[in-house]
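Each residue of the sequence shown is one higher than the one before, starting from 1 at the first, in my numbering.
Hints are computed from structural coordinates only; laboratory data are not their basis.
A portion of the hints provided could be inaccurate.
[Stated by the list, open to error] Think about it this way: if two alpha-carbon atoms lie no more than 30 Å apart in a straight line, the pair counts; the simulated DSBU-like pairs of lysine-lysine are:
1. Lys-261 <-> Lys-278
2. Lys-156 <-> Lys-286
3. Lys-239 <-> Lys-286
4. Lys-261 <-> Lys-287
[Stated by the list, open to error] Label-pair restraints from in silico Cβ distances:
5. Lys-174 <-> Pro-236: 48 to 56 Å
6. Ser-169 <-> Ser-248: 37 to 45 Å
7. Gln-199 <-> Gly-157: 17 to 25 Å
8. Thr-255 <-> Glu-121: 41 to 49 Å
9. Lys-124 <-> Thr-255: 38 to 46 Å
10. Ser-234 <-> Glu-194: 31 to 39 Å
Quick reminder that beta carbons are idealized off the backbone N, C-alpha and C, glycines included.
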Amino acid sequence: MLSRSSSFTHHHYISSITSASPSPLKLSLNLLHFFPISSSPKPQQHLHLQSFNLSTNFNSKTSFLCNSNLPTSSFALSSMLGHSSFKAKASFSSGSSSGGARELLVQHLLVKGNDLQLLVELQKRVNEGEDLSDLALEYSMCPSKDDGGMLGWVKKGQMVPEFEEAAFSAPLNKVVRCKTQFGWHLLQVLSEREELVLQEIQADELHERLQDPSVAEEVQLIDVREPDEVARASLPGFKVLPLQQFGSWGPEITTKFDPEKETFVMCHHGMRSLQVAKWLQSQGFKKVFNVAGGIHAYAVKVDPSIPTY
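Using the sequences plus the hints, can you model the full thing?
Printed below as a string of structure tokens:
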């Protein structure tokens, strides 16, 4: 779960599984995912949102998870991964993976590389019935200790090879150990699921759905553009959630919208909405569609009366 980089700098510490932290001493990893945000009417904005506890109980301190495959960006969306609050004995499975890419729900603890004896002792205590989460809180060096060592949902390509190999070969619920450049780990896979694939809806398909009188009851429509953009061009029925105001609506997303319903997300050209759609998936929304090409594509391909900008 470590970054493939072993550099330790004051401003960029990559711990065994997650992203950058402000201080190497804290192994600080606030699980902030960075995405490129296109804001056509204005110069690109640089926003940094503080992480917060969402209603889905995210772990805001997941360490050891490096999203090196994500593009660098000027916008931070808070914690895209995982539950916190799971005990080792409260594990579950959301369905076995039957061929698709897998995601694992992982918790762990980390001790120094010269503390193998301590690790063996802790593993013995887990085998005798103690919770890994309780031991992580007391002994782990990772900031995730505050959440019982919960790292959230991870997939291949996010972790350093040693941790990835151990996690993806570990039997469900069994505590295993591995060593990385950051020390010794005890890790436990609490659940697995098939990796979610984000879907798109084309402009003409969206138009067809909007003609259905029942769309207001069946589909949730979200427009993540800024108010001045919406004033220029808009579609009826879309709830405006400006991306630059993410901090105000993000924490309440699962109380204001139903994760079980189809949800269409739109922006100007489909880039900002793509990132929000991915984030919604991480919040448990099961039927999320990004509007391909955004309102610009809708205006060009479907309704020329809608202004382009």
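Cross-check of the supplied hints:
1. Lys-261 <-> Lys-278: With Cα atoms ~15 Å apart, Lys-261 and Lys-278 stay inside 30 Å; holds.
2. Lys-156 <-> Lys-286: holds (21 Å)
3. Lys-239 <-> Lys-286: Within the cut-off at roughly 19 Å; holds.
4. Lys-261 <-> Lys-287: This hinted pair holds, its Cα atoms lying about 6 Å apart.
5. Lys-174 <-> Pro-236: 48 to 56 Å: Check passed, 53 Å falls within 48 to 56 Å.
6. Ser-169 <-> Ser-248: 37 to 45 Å: holds (43 Å)
7. Gln-199 <-> Gly-157: 17 to 25 Å: holds (21 Å)
8. Thr-255 <-> Glu-121: 41 to 49 Å: holds (44 Å)
9. Lys-124 <-> Thr-255: 38 to 46 Å: holds (43 Å)
10. Ser-234 <-> Glu-194: 31 to 39 Å: holds (36 Å)
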